[in-house]
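Novice: Could you slot chain B onto chain A? The hints should help.
Going down the list, the protein sequences come from chains A and B. Under our numbering, the residues of the first sequence are numbered 1 to 172, in order. Under our numbering, the residues of the second sequence are numbered 1 to 128, in order.
Treat the hints with care, since some could be wrong.
Simulated pairs of lysine-lysine, DSS-like, Cα-Cα distance not exceeding 27 Å [said to hold, decoys possible]:
{"id": "1", "chain 1": "A", "residue 1": "LYS10", "chain 2": "B", "residue 2": "LYS124"}
{"id": "2", "chain 1": "B", "residue 1": "LYS24", "chain 2": "B", "residue 2": "LYS68"}
{"id": "3", "chain 1": "A", "residue 1": "LYS10", "chain 2": "A", "residue 2": "LYS53"}
{"id": "4", "chain 1": "A", "residue 1": "LYS10", "chain 2": "B", "residue 2": "LYS89"}
{"id": "5", "chain 1": "A", "residue 1": "LYS10", "chain 2": "B", "residue 2": "LYS24"}
{"id": "6", "chain 1": "B", "residue 1": "LYS124", "chain 2": "B", "residue 2": "LYS68"}
{"id": "7", "chain 1": "A", "residue 1": "LYS168", "chain 2": "A", "residue 2": "LYS28"}
{"id": "8", "chain 1": "B", "residue 1": "LYS124", "chain 2": "A", "residue 2": "LYS168"}
{"id": "9", "chain 1": "A", "residue 1": "LYS55", "chain 2": "A", "residue 2": "LYS28"}
{"id": "10", "chain 1": "B", "residue 1": "LYS24", "chain 2": "B", "residue 2": "LYS124"}
{"id": "11", "chain 1": "A", "residue 1": "LYS28", "chain 2": "A", "residue 2": "LYS10"}
{"id": "12", "chain 1": "A", "residue 1": "LYS53", "chain 2": "A", "residue 2": "LYS28"}
Counterexamples of contact, computed for chain A against chain B with all Cβ distances above 12 Å [what the hints assert, rightly or not]:
{"id": "13", "residue": "ASP22"}
{"id": "14", "residue": "VAL60"}
{"id": "15", "residue": "THR64"}
{"id": "16", "residue": "HIS67"}
{"id": "17", "residue": "LEU69"}
{"id": "18", "residue": "ASN88"}
{"id": "19", "residue": "ASP94"}
{"id": "20", "residue": "ALA96"}
{"id": "21", "residue": "PRO97"}
{"id": "22", "residue": "HIS102"}
{"id": "23", "residue": "ARG111"}
{"id": "24", "residue": "SER126"}
{"id": "25", "residue": "GLY128"}
{"id": "26", "residue": "ALA150"}
None of these hints come from the bench; they were simulated from the model. Idealized CB from N, CA, C, for every residue including glycine.
Spelled out, the chains give:
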Amino acid sequence: MTILVTGGSKCGKSGFAESLLDNCTEPKIYLATMQPYGDEAHAAIARHREMRKQKGFQTVEQYTDLHQLQLPQHSHVLLECIGNLTANEMFRQDPAPDCADHILRGILHIRQQSESLVIVTNQVGSDGIRYDTETQRYITVIGNVNQRIAEIADAVYECVWDIPVPLKGVIS
Amino acid sequence: MILITGGAFQGKTAYLHSIRPEIKITDGADCSFNEAASAACITHYHTLIERLISGGIDPVAWTSDLCKRNRGCVVILNEIGSGIIPIEKNERIRRELTGICGCIIASHADSVIRLTCGIPAAIKGDLL
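This is chain A alone, in the form it adopts within the complex:
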């Protein structure tokens, strides 16, 4: 089972994504892609750690190259998030020639090893602002990755003000 959770900022994506794995048996893996740079990142990480406390998640940090990651058997995985992963892959020293392909390869590798996989991503293309070339390229890549994950996902939700709106499939 693969589920994609999208939405804007602070709309309840993480909490909803975690709740999707509430009834799963361990091992539950929280696959974190955010590199802890600066106060705000540390604050965000602390806030998310607090939310996951007592929920039985074990945190694995992997900022790039998900295709190299080996997970315990029968893991239930929460991957958070595609926005950070895409930035990490695009703006690293030695980016892959096709970042979207590279990211998809990593996701498929994780998916193959998981009983269930919940992926949190971000809507970043709806503010109507014309950005510099690099940022436009980032918006393009993340949009492409989101579409490709949605295609292989059993269900897709968009969170709006903490309300999960189903876009594809339904999880009972």
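Specialist: Just chain B, lined up with the frame of chain A:
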């Protein structure tokens, strides 16, 4: 409480006019905070949040208070969080606080109506 949301210029106010033509709409962009606190409907709530922040008032506490004291209020709030993270720190804070306020209002609302291209969808409760 009712929350009407969606991106800019999606027909949120027109939708409210069509179903509650008599309702008095208070504009969060230029009303006084006291006026907003007891309004039947507050539009441009995202701008009100911005003004509260500028005025040194915590918009999260203010919004929680509104939800407790003005339970019949119709709030019109733009979705503003689906873009690139702003470079300006204050803009990031505003975006985050707007998100928190939106979640608080939605949790108190009996109905949350989201407009896209003028089409209303009830994402919580029923259409008005």
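Novice: Each of the hints needs a verdict: does it hold here or not?
Specialist: Now for the hints, and whether the structure bears them out:
Straight-line distance between C-alpha atoms of LYS10/A and LYS124/B comes to about 18 Å, which keeps the hinted pair within the 27 Å bound. Taking the CA atoms of LYS24/B and LYS68/B, the gap is near 20 Å; set against the 27 Å cutoff, the hint holds. The suggested pairing of LYS10/A with LYS53/A holds, with an alpha-carbon distance near 19 Å, which does not exceed 27 Å. Only pairs whose Cα atoms come within 27 Å are accepted, and LYS10/A paired with LYS89/B is accepted, the gap being roughly 16 Å.
Distance restraint check for LYS10/A and LYS24/B: the Cα-Cα separation of roughly 30 Å exceeds the 27 Å cut-off, and the hinted pair is therefore not satisfied. A distance of roughly 19 Å separates the Cα atoms of LYS124/B and LYS68/B; the hinted pair therefore holds under the 27 Å criterion. The hinted pair formed by LYS168/A and LYS28/A meets the criterion: a straight-line CA distance of about 24 Å does not exceed 27 Å. Among the hinted pairs, LYS124/B with LYS168/A is consistent with the structure: their alpha-carbon atoms are about 18 Å apart, no more than 27 Å.
Proposed proximity of LYS55/A and LYS28/A is supported: the alpha carbons are some 9 Å apart, at most 27 Å. For the given pair, LYS24/B sits about 24 Å from LYS124/B by alpha-carbon distance, which is consistent with the 27 Å threshold. In summary, the hint linking LYS28/A to LYS10/A is supported, as the alpha carbons are separated by about 24 Å, within the 27 Å threshold. A threshold of 27 Å between alpha carbons decides the hint, and for LYS53/A with LYS28/A the separation of about 12 Å falls inside it, so the pair holds.
Residue-level check passed: ASP22/A sits 19 Å from the nearest beta carbon of chain B, beyond 12 Å. Every CB of chain B lies more than 12 Å from the CB of VAL60/A, the least distance being 24 Å, so the non-interface label holds. Residue placement check: THR64/A keeps its beta carbon more than 12 Å from all beta carbons of chain B (closest about 19 Å). Remark: the non-interface label on HIS67/A is consistent with the geometry, its nearest Cβ contact in chain B lying 26 Å away (cut-off 12 Å).
Residue-level check passed: LEU69/A sits 26 Å from the nearest beta carbon of chain B, beyond 12 Å. Every CB of chain B lies more than 12 Å from the CB of ASN88/A, the least distance being 14 Å, so the non-interface label holds. Taking the minimum C-beta to C-beta distance to chain B, about 24 Å, the non-interface status of ASP94/A holds against the 12 Å cut. With 12 Å as the threshold on Cβ separation, the claim that ALA96/A sits away from chain B holds: the shortest Cβ distance comes to roughly 22 Å.
The non-interface label for PRO97/A is consistent with chain B: the shortest C-beta to C-beta separation is roughly 24 Å, beyond 12 Å. With a least beta-carbon separation of about 21 Å from chain B, HIS102/A lies farther than 12 Å from that chain, consistent with its non-interface assignment. Under the 12 Å C-beta cut-off, the non-interface status given to ARG111/A relative to chain B holds; the minimum distance is some 26 Å. Look at SER126/A: its CB is around 4 Å from the nearest CB on chain B, not clear of 12 Å, so calling it non-interface is violated.
Under the 12 Å C-beta cut-off, the non-interface status given to GLY128/A relative to chain B is violated; the minimum distance is some 8 Å. With a least beta-carbon separation of about 16 Å from chain B, ALA150/A lies farther than 12 Å from that chain, consistent with its non-interface assignment.
Hint compliance for this structure: hints 5, 24, 25 are not met, and every other hint is.
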